[in-house]
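Engineer: Listed in order, the protein sequences are those of chains A and B.
Residue numbering for the first sequence follows the numbering used here, beginning at 123 and increasing consecutively.
Residue numbering for the second sequence follows the numbering used here, beginning at 123 and increasing consecutively.
FYI, nobody ran anything at the bench for these hints, they're computed from the structure.
Computed from a predicted structure; not experimentally measured.
Possibly wrong hints are sitting among the right ones.
If several chains are the same, the list does not tell them apart, and a pair holds so long as it fits within one copy or across any two.
What the hints assert, rightly or not - Calculated lysine to any residue pairs in the SDA-like style (CA-CA distance at most 20 Å, straight line): (1) K128 x G373; (2) K484 x Y387; (3) K128 x T303; (4) K128 x V446; (5) K128 x A188; (6) K202 x R192; (7) K128 x D283; (8) K128 x T335; (9) K202 x T191; (10) K128 x G306; (11) K484 x T531.
Number of protein chains: 2
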Amino acid sequence: MSQGIKVNSRVLDMEYAVRGPIPQRAAEMAAEGRRIIPCNIGNPQALGQQPIRFYRQVLGLLEDSAAITRERNLRAAGFKEALGNDVIDMAAAMLDGSRTGTGAYTESAGFRFIREAVARFIDSRDSVVSGSTNGSDPDSILLTDGASGGAVYVLEALISDPQDGILVPIPQYPLYSATITRCGGVLVGYHPDEEAGWALGRDNLERPLKAATEDGVKVKAIVVINPGNPTGALLDRQSMREVVDVAREWGLAIIADEVYQENTYGQEWSSFASIIGDEPIPLFSLHSVSKGFYGECGHRGGYLEVRHAPPVVGTNLDMRDILVKQASVNLCPNTMGQFLVHLMVTGPAEGSETHRIFLEEKVRVLDDLQAKASMIRGYFEQMTGVECFGRTGAMYLFPRLGPLPEGQTDFDYCMALLEKTGLVTVNGAGFGQAPGTHHLRMAFLPPFELIEEVMPEWVAFHNGWV
Amino acid sequence: MSQGIKVNSRVLDMEYAVRGPIPQRAAEMAAEGRRIIPCNIGNPQALGQQPIRFYRQVLGLLEDSAAITRERNLRAAGFKEALGNDVIDMAAAMLDGSRTGTGAYTESAGFRFIREAVARFIDSRDSVVSGSTNGSDPDSILLTDGASGGAVYVLEALISDPQDGILVPIPQYPLYSATITRCGGVLVGYHPDEEAGWALGRDNLERPLKAATEDGVKVKAIVVINPGNPTGALLDRQSMREVVDVAREWGLAIIADEVYQENTYGQEWSSFASIIGDEPIPLFSLHSVSKGFYGECGHRGGYLEVRHAPPVVGTNLDMRDILVKQASVNLCPNTMGQFLVHLMVTGPAEGSETHRIFLEEKVRVLDDLQAKASMIRGYFEQMTGVECFGRTGAMYLFPRLGPLPEGQTDFDYCMALLEKTGLVTVNGAGFGQAPGTHHLRMAFLPPFELIEEVMPEWVAFHNGWV
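Starting from the given sequences, assemble the full structure and let the hints guide the process.
Structural biologist: Written as structure tokens, this is what we have:
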């Protein structure tokens, strides 16, 4: 043992820049007492975003269920700080629906009453009649530990051979590259058209498919992240139709990472489920409590919905059965994450005071995010050679840095920016980017005052550096 | 796609009997309105065990931190149902330690203040001076989603080649077999001596090691579950020393699954860390909030402690670095599980009223579990041919059923038992067992009344069946 141990080379090869050398250096700086602004990750509450009060009050009661009776008594006694009836009723209904509360293992796929609520949410979102052939089915939904959990199950099941490929956008969220590496498959990159706002044409998708096929790679699925990560860009409907057409013609499943579906800032957004309709194209769509206006990253709640689950060759099973089996080995997703998914897909009853406050909080968070993105984009315009494409969505901006000094990379740029300003970003190479281009990803989450303080420093740094 | 999809054969081959056909049939019966008693899994709160009040009250405040001020005001106003100062102070201290509360991603390895508390807990448990060379190091601890999360990371990193083997007890908890299958390694079984209370001699361990080596398998680690799962048996110190000797001589890491360390019912228990001391044998030890007297399965909290982390061949990293990288791809373990780990390794301040109630609850849960195990063992004595070996630990009994009727397996037995009595158990073959023997695992968790009702039915069923 003292000579060392050989470790799985796929695990060794995984890369995850979002938590790589730049944030590691930032942690050292923080330990030295220097100010750092963690924009390397979409982690709103770490940057001061307040949680939605209704959600947290309900979660508090779920943990301490004796408090439900106590709060009812406090209200009856006219205690003005007692929790609202909406909160108490929601917590009581959720405990009732769960039967076992927060402390027991649940079904492997998660509480059924929550999966039913998710199905209703999806149908309502997509303007589909529940129970119709286009409707969502609770038996095709798995609650997961964040969206990551679901993405990992799907990739792990699909990659059955070292020549199996997954079509992934470049740039991409490195969960996909890391998991494909670990599962021993081939990442086949496709390049959205940056200057067209990261749109997709048929050729963007088919060129890499043809090249991969010539190399003997069997591409099984296409990943689409909409709104984009790291680009932050909203995909237009025409681009989505191209994806569906290509999936149909090439026999691909679609993995739709739709965790930013609430982060669209007043612009139109469609789910892949609604674009596919009843075409028999396998769809795996992901959502999460980590983003949106709630930003409950720490709770690790999410869901995976499967549509048109393909049968599994050589068995009498379909893909849903496989996914549930995978989930069963981990016993169940954490209950608090599951309960938060329930809150995400329901919310307080309309018309109540609780609902009014809830809406106020929601609008404030989303308006602030939109204003912050716009403010930061304004500063980009003062930076020589910097351009930022696409309609703002998600929580990220992904500016193209323009030409860098000879021999310098975007990694060097981000490291220098960190040392100079404390701003933690992730360089474009951490996500992949078109050859010869340089980018960085910044989460547009810091408080306004901090943005106003640090962005001029960045402008000065940039214009001195390039 | 309509012809079906090829799925990763390792994922297809995984088996997980704890959630297999028997509980699936039980779910059908429950849907038909029949009484079922889920003893297939160690899920205490699903069978009516009450959560530890102190833990839940603190967790409730962590979610709704505004309630901290409110409770202080209620106390100041003399409201007798206000939460105790201990609860309020603990919640406030934990929020302070975390800085970001429950809603933000944490470090990949989990909150540092909790890892520090875990290290102090381990040192105190093992009577080691904190900070000494034998002490536990917060940098070598990863908080995980249940203990399963940690076990999966370790196996996934260690299995680097299809001929890499892991030495696993037979019977074993199927997380290990399922994960080894998924990672494409070889499960090398060792057979504790059932009639000697599942003790281990040198030969039990070396025989399979020699056979595996002759087959070209490179065994890298040995899994020990103590107290045992499914056997429920406590390992004696001599058996543990044999494991350490064999690990030293054969260059194995030890994976010590110690999640039942509180479920020892007054009997002596030692950690593998304390047996190994400062010998440079790599140790990965697991603990969890799911078991003990708290039984908080749904919260998916746990930790993995690494000792004597081996360097990784071909790199300047050691095994800890690899584990943290694996964790980083999942971003972080869920925060509520992390906070529960903190409560598990600390608890209310001694001497307070809260502490008195806490101890009362703890003692009652453990005394009840011990009494239930003993009561069920009593019924086994009335069953022809049934024997149950080992000192009672964990939450399980694993009786040997004796000879079954020609052509019948323990799966048939468990299915028939389920249909007859509603009792959900897992047959021995789901865990592995010595050829020609038949067992089942039963979690000894049902309420006393239910045990008294169902066990005579089982006795009658058994004596009529065999």
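Engineer: Return the numbers of the hints above that this structure violates; sort them in rising order.
Structural biologist: 5, 11
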